[in-house]
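A.B. asks: This is what each chain is made of:
Number of protein chains: 2
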Amino acid sequence: MDVKLLAQEAKAAAYVLPSLTSEIKNQALKAMAQALRARCGEILKANEEDLLLAKKELEAGNLKPTLYSRLHLTQEKLDGVIRGIEEMVALPDPVGKVLSAVELDEGLTLYKISCPLGLLGVIFEARPDVVPQIAALAVKSGNAAVLKGGKESANTNRVMMQVLKDALATVHGYPPQALQLIYTREESAQMLLLDDLFDLIIPRGGNSLIAYVKAHTKIPVLGHADGVCHIYIAPSADIKMAQKICVDAKTQYPAACNTVETLLIDKRWPVEHQKNLLQTLVQAGVELYGDEQVSALAPVTGPVADWHTEYGDKKLSVRFVSDLLAAVTHINQYGSHHTDAILTQSSEEAEVFMELVDSAGVYHNASTRFADGYRYGFGAEVGISTGKTHARGPVGLEGLTIYKYKLYGSGQAVGEYIGPNAKPFTHKVIGSKS
Amino acid sequence: MDVKLLAQEAKAAAYVLPSLTSEIKNQALKAMAQALRARCGEILKANEEDLLLAKKELEAGNLKPTLYSRLHLTQEKLDGVIRGIEEMVALPDPVGKVLSAVELDEGLTLYKISCPLGLLGVIFEARPDVVPQIAALAVKSGNAAVLKGGKESANTNRVMMQVLKDALATVHGYPPQALQLIYTREESAQMLLLDDLFDLIIPRGGNSLIAYVKAHTKIPVLGHADGVCHIYIAPSADIKMAQKICVDAKTQYPAACNTVETLLIDKRWPVEHQKNLLQTLVQAGVELYGDEQVSALAPVTGPVADWHTEYGDKKLSVRFVSDLLAAVTHINQYGSHHTDAILTQSSEEAEVFMELVDSAGVYHNASTRFADGYRYGFGAEVGISTGKTHARGPVGLEGLTIYKYKLYGSGQAVGEYIGPNAKPFTHKVIGSKS
Numbered sequence: 001m002d003v004k005l006l007a008q009e010a011k012a013a014a015y016v017l018p019s020l021t022s023e024i025k026n027q028a029l030k031a032m033a034q035a036l037r038a039r040c041g042e043i044l045k046a047n048e049e050d051l052l053l054a055k056k057e058l059e060a061g062n063l064k065p066t067l068y069s070r071l072h073l074t075q076e077k078l079d080g081v082i083r084g085i086e087e088m089v090a091l092p093d094p095v096g097k098v099l100s101a102v103e104l105d106e107g108l109t110l111y112k113i114s115c116p117l118g119l120l121g122v123i124f125e126a127r128p129d130v131v132p133q134i135a136a137l138a139v140k141s142g143n144a145a146v147l148k149g150g151k152e153s154a155n156t157n158r159v160m161m162q163v164l165k166d167a168l169a170t171v172h173g174y175p176p177q178a179l180q181l182i183y184t185r186e187e188s189a190q191m192l193l194l195d196d197l198f199d200l201i202i203p204r205g206g207n208s209l210i211a212y213v214k215a216h217t218k219i220p221v222l223g224h225a226d227g228v229c230h231i232y233i234a235p236s237a238d239i240k241m242a243q244k245i246c247v248d249a250k251t252q253y254p255a256a257c258n259t260v261e262t263l264l265i266d267k268r269w270p271v272e273h274q275k276n277l278l279q280t281l282v283q284a285g286v287e288l289y290g291d292e293q294v295s296a297l298a299p300v301t302g303p304v305a306d307w308h309t310e311y312g313d314k315k316l317s318v319r320f321v322s323d324l325l326a327a328v329t330h331i332n333q334y335g336s337h338h339t340d341a342i343l344t345q346s347s348e349e350a351e352v353f354m355e356l357v358d359s360a361g362v363y364h365n366a367s368t369r370f371a372d373g374y375r376y377g378f379g380a381e382v383g384i385s386t387g388k389t390h391a392r393g394p395v396g397l398e399g400l401t402i403y404k405y406k407l408y409g410s411g412q413a414v415g416e417y418i419g420p421n422a423k424p425f426t427h428k429v430i431g432s433k434s
Numbered sequence: 001m002d003v004k005l006l007a008q009e010a011k012a013a014a015y016v017l018p019s020l021t022s023e024i025k026n027q028a029l030k031a032m033a034q035a036l037r038a039r040c041g042e043i044l045k046a047n048e049e050d051l052l053l054a055k056k057e058l059e060a061g062n063l064k065p066t067l068y069s070r071l072h073l074t075q076e077k078l079d080g081v082i083r084g085i086e087e088m089v090a091l092p093d094p095v096g097k098v099l100s101a102v103e104l105d106e107g108l109t110l111y112k113i114s115c116p117l118g119l120l121g122v123i124f125e126a127r128p129d130v131v132p133q134i135a136a137l138a139v140k141s142g143n144a145a146v147l148k149g150g151k152e153s154a155n156t157n158r159v160m161m162q163v164l165k166d167a168l169a170t171v172h173g174y175p176p177q178a179l180q181l182i183y184t185r186e187e188s189a190q191m192l193l194l195d196d197l198f199d200l201i202i203p204r205g206g207n208s209l210i211a212y213v214k215a216h217t218k219i220p221v222l223g224h225a226d227g228v229c230h231i232y233i234a235p236s237a238d239i240k241m242a243q244k245i246c247v248d249a250k251t252q253y254p255a256a257c258n259t260v261e262t263l264l265i266d267k268r269w270p271v272e273h274q275k276n277l278l279q280t281l282v283q284a285g286v287e288l289y290g291d292e293q294v295s296a297l298a299p300v301t302g303p304v305a306d307w308h309t310e311y312g313d314k315k316l317s318v319r320f321v322s323d324l325l326a327a328v329t330h331i332n333q334y335g336s337h338h339t340d341a342i343l344t345q346s347s348e349e350a351e352v353f354m355e356l357v358d359s360a361g362v363y364h365n366a367s368t369r370f371a372d373g374y375r376y377g378f379g380a381e382v383g384i385s386t387g388k389t390h391a392r393g394p395v396g397l398e399g400l401t402i403y404k405y406k407l408y409g410s411g412q413a414v415g416e417y418i419g420p421n422a423k424p425f426t427h428k429v430i431g432s433k434s
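As you go down the protein sequences, you meet chains A and B in turn. In terms of my numbering, the first sequence opens at residue 1 and continues consecutively. In terms of my numbering, the second sequence opens at residue 1 and continues consecutively.
Among the clues, some could well be false.
[As the list claims (entries may be wrong)] What follows is a set of in silico ranges between Cβ atoms, one per label pair, in the way DEER data are often shown:
no., chain 1, residue 1, chain 2, residue 2, range
1, A, LYS30, B, GLU292, 48 to 56 Å
2, A, LYS64, B, ALA211, 40 to 48 Å
3, A, LYS428, B, ALA211, 33 to 41 Å
4, B, MET1, A, GLY285, 49 to 57 Å
5, A, LYS218, B, LYS275, 39 to 47 Å
[As the list claims (entries may be wrong)] Simulated pairs of lysine-lysine, DSS-like, Cα-Cα distance not exceeding 30 Å:
no., chain 1, residue 1, chain 2, residue 2
6, A, LYS4, A, LYS240
7, A, LYS55, A, LYS45
8, B, LYS64, B, LYS45
9, A, LYS428, B, LYS423
10, B, LYS428, A, LYS244
11, B, LYS428, A, LYS77
12, B, LYS151, A, LYS112
13, A, LYS423, A, LYS112
14, B, LYS315, B, LYS240
15, B, LYS314, A, LYS423
16, B, LYS275, B, LYS315
17, B, LYS4, A, LYS214
18, A, LYS97, B, LYS428
19, B, LYS77, B, LYS45
20, B, LYS165, A, LYS97
21, B, LYS30, B, LYS240
22, A, LYS112, B, LYS214
23, A, LYS97, B, LYS77
24, B, LYS30, A, LYS428
25, A, LYS428, B, LYS240
26, B, LYS244, A, LYS428
27, A, LYS56, A, LYS77
28, B, LYS4, A, LYS218
29, B, LYS151, B, LYS214
30, B, LYS240, B, LYS275
31, A, LYS267, A, LYS240
32, A, LYS275, A, LYS314
33, A, LYS218, B, LYS151
34, A, LYS64, A, LYS45
35, A, LYS165, A, LYS240
36, A, LYS218, B, LYS218
37, B, LYS214, A, LYS218
38, B, LYS423, A, LYS315
39, A, LYS112, B, LYS423
40, B, LYS64, B, LYS314
Treat the hints as calculated values from the structure; they're not laboratory data. Glycine is no exception: its CB is placed at the ideal position from the N, C-alpha and C atoms.
Start from the sequences and build out the full structure, keeping to the hints where you can.
C.D. replies: See the structure below:
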């Protein structure tokens, strides 16, 4: 497959997409949902082929059981994806929003208008349900996208992409070549070199994938490296709330990136609360790591080897800190700028924590597990960014847009505004396009 | 100089800056302006030393005359910089703005709040007036910054940075180590490796500097590669307006990146207008490049060697195109996504052009030279971005910020919102923080 040719086709489509109306994009989403529903038999059959091949790899020990289960596309999962696409129709169009409007002078008006990024490259692992999700996000946000799925789901991905492109082809004015699929690591490596065609690369997967992508491309990369989230228990924290939130944040889905990995307990919190909380966690099946201060209160598996550790499991590092600033310093030093929470009855204390912790999400009295595009009300997300430029935290439709400046003049030259007889600029902020 | 140590100090300051009030930041700006005014003698004396050294280099042929003149810091230039800092006090604080507020559920509210990026690395060439400009932008936007100036202005830069840091030290609560200066290419190379400390690198300078920076760092880079700007003359363009705007866009300051480099003339525009416009440009001292269609109407220096050319001089590529779409295709293929204009009496035509041209600035009936932070009303700019992520076009205070999500809960766990008895999210958009 000629990746460059395919990316050029997608880029050509990307130049057309910004001018499509919300109506056409929503028609495209509806056609996609309809086609996925109508042809789900075809899709599930392709998935069975993938599962059959994967089962052999599983039995040969070449595939992890978790990967196998994520590969399995059930009717229920597919229904969920289709519902997600249908719900996206109702979301506001992220493109064409007037972000600001300023009159520079009479008859010279500057608008900052949201617009698509252009061509996205999305690299993900063996979850075939990602294909229609990303496709829908791309369509709604007016972006073209080249998708690289896991090789284990190649059949499912191929059939789903065909279904989606067939659906797009029925929508008058929508260029179906806006969506493309590539299959192999070699093709993915070729894509990373095309910095003149791609505007953003989004790797969805483990640390090693993201590190690989960052090391091999000049294209901007949106992704998250780690999810080392913290909860700081302040002196006034409520014990019941602490028990509930810490158990949720650690055990509700331990493999998720928004799971808490380190618990920072203020030394001034009553010792009976400290003991209660730690023992509650142990009873919830959590293995604790910490020093003798921790082991004096609850059974501990061992000391913390590295405060940067993302266990992704029912394991938790525990540390006692002397005050809020010590907690903040620990979090900014060892955290991954993902999501960190403070539990306290003092809103002043919470505000200081939330200002000083340099993370995409800073929470007061809530579980770190809320860091998620769906829970934030974004409809869907392409991932969670721990970077600090462009988009931060869960990235939904808005994160797939940027803006352009549209200047409407009536013959103005810059020379008129320079020199001894310069006309002044008015720089009058106005509400909306006249 | 230990660049890592110095960057660590600046980063430590960067963790404090987000919590400073607008008042403290404005006090810092006022102190900076005051100190620059009070100590301008010291600064201009240091500049004389730099000029003396540079003059020798100039005479030895090791320094370009343009670089020498940019190195010269006059009282007038310094006054302008000081006024710029004073004006920045009045600009709204870009930090702490509520970008969105959503109630996820009763007692669980999500705020998207603008915040500083953190630590910036700014690399620029021999214009010493950039030091206080960047320092002021960093202070107002709550960022720490490490500045690398040109080696020719080392004395001026050192004295100015000392003046600025002395000023910051007088402001209670402001950490003066937020601003740092480095001097050599080796130090700059060390800085580019510190991707765990720096949040953004801003190279201000020629193409070779930007290409070097991009090739040598994993830190996100904000900069512009080229300024290949276009003007498309549509069939209904007014001849007088075309003459005025094209002469302004090409000759008002030919070295600027927002100068027009290629003129695309619609074949259907009356031939007498075509001839008039080209001859007006020639009379204004512009050398034209183009094919025999062009040379049939006006004297031409030669054919266009490369449509990607940024002359930075009173030279202009000229091409006849068959229609608007041909112009758009040319611009998207050969342009640098900087600023492109259409001259037309048809607002429908203008709108199509402005949708389809993939540039940071798309103009109707105005000179491309308006692409500038001051003219846009941003007060000052760190540069013009031709990238498509994070910030686009002239980048002012807002481009030096990102956002964080603040979630205010009352003990919520994610488990309550999952499963058969899941509580629903309300996702109710609210106006402001309650």
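A.B. asks: Between LYS428(B) and LYS244(A), is the straight-line Cα distance small enough, at 30 Å or below?
C.D. replies: Roughly 25 Å between the alpha carbons, so the hint for LYS428(B) and LYS244(A) holds.
A.B. asks: For the pair supplied as a hint, LYS214(B) and LYS218(A), is the alpha-carbon distance within the 30 Å limit?
C.D. replies: 7 Å, holds
A.B. asks: Given a hinted range of 40 to 48 Å, is it respected by the beta-carbon distance of LYS64(A) and ALA211(B)?
C.D. replies: Check passed, 41 Å falls within 40 to 48 Å.
A.B. asks: Does the structure keep LYS97(A) and LYS77(B) at a Cα separation of 30 Å or less?
C.D. replies: 39 Å, violated
A.B. asks: Within a Cα-Cα threshold of 30 Å, do LYS428(B) and LYS77(A) meet the stated pairing?
C.D. replies: Holds, at about 27 Å.
A.B. asks: Going straight from one Cα to the other, do LYS244(B) and LYS428(A) come out at no more than 30 Å?
C.D. replies: 25 Å, holds
A.B. asks: Is the Cα-Cα distance between LYS97(A) and LYS428(B) 30 Å or less?
C.D. replies: With Cα atoms ~20 Å apart, LYS97(A) and LYS428(B) stay inside 30 Å; holds.
A.B. asks: For the pair supplied as a hint, LYS4(A) and LYS240(A), confirm whether the alpha-carbon distance does not exceed 30 Å.
C.D. replies: 57 Å, violated
A.B. asks: Given the hinted pair LYS218(A) and LYS218(B), is their alpha-carbon gap at most 30 Å?
C.D. replies: Measuring from Cα to Cα gives roughly 9 Å; hence the hint holds.
A.B. asks: Does the Cβ distance between MET1(B) and GLY285(A) fall inside 49 to 57 Å?
C.D. replies: For GLY285(A) against MET1(B), whose Cβ atoms are near 52 Å apart, the range 49 to 57 Å holds.
A.B. asks: Regarding the pair LYS64(B) and LYS45(B), is the alpha-carbon distance no greater than 30 Å?
C.D. replies: 22 Å, holds
A.B. asks: Given the proposed pairing of LYS77(B) with LYS45(B), does the C-alpha separation stay at or below 30 Å?
C.D. replies: 14 Å, holds
Taken one by one, the earlier hints fail for this structure at numbers 6, 9, 12, 20, 21, 23, 35, 39, listed in ascending order.
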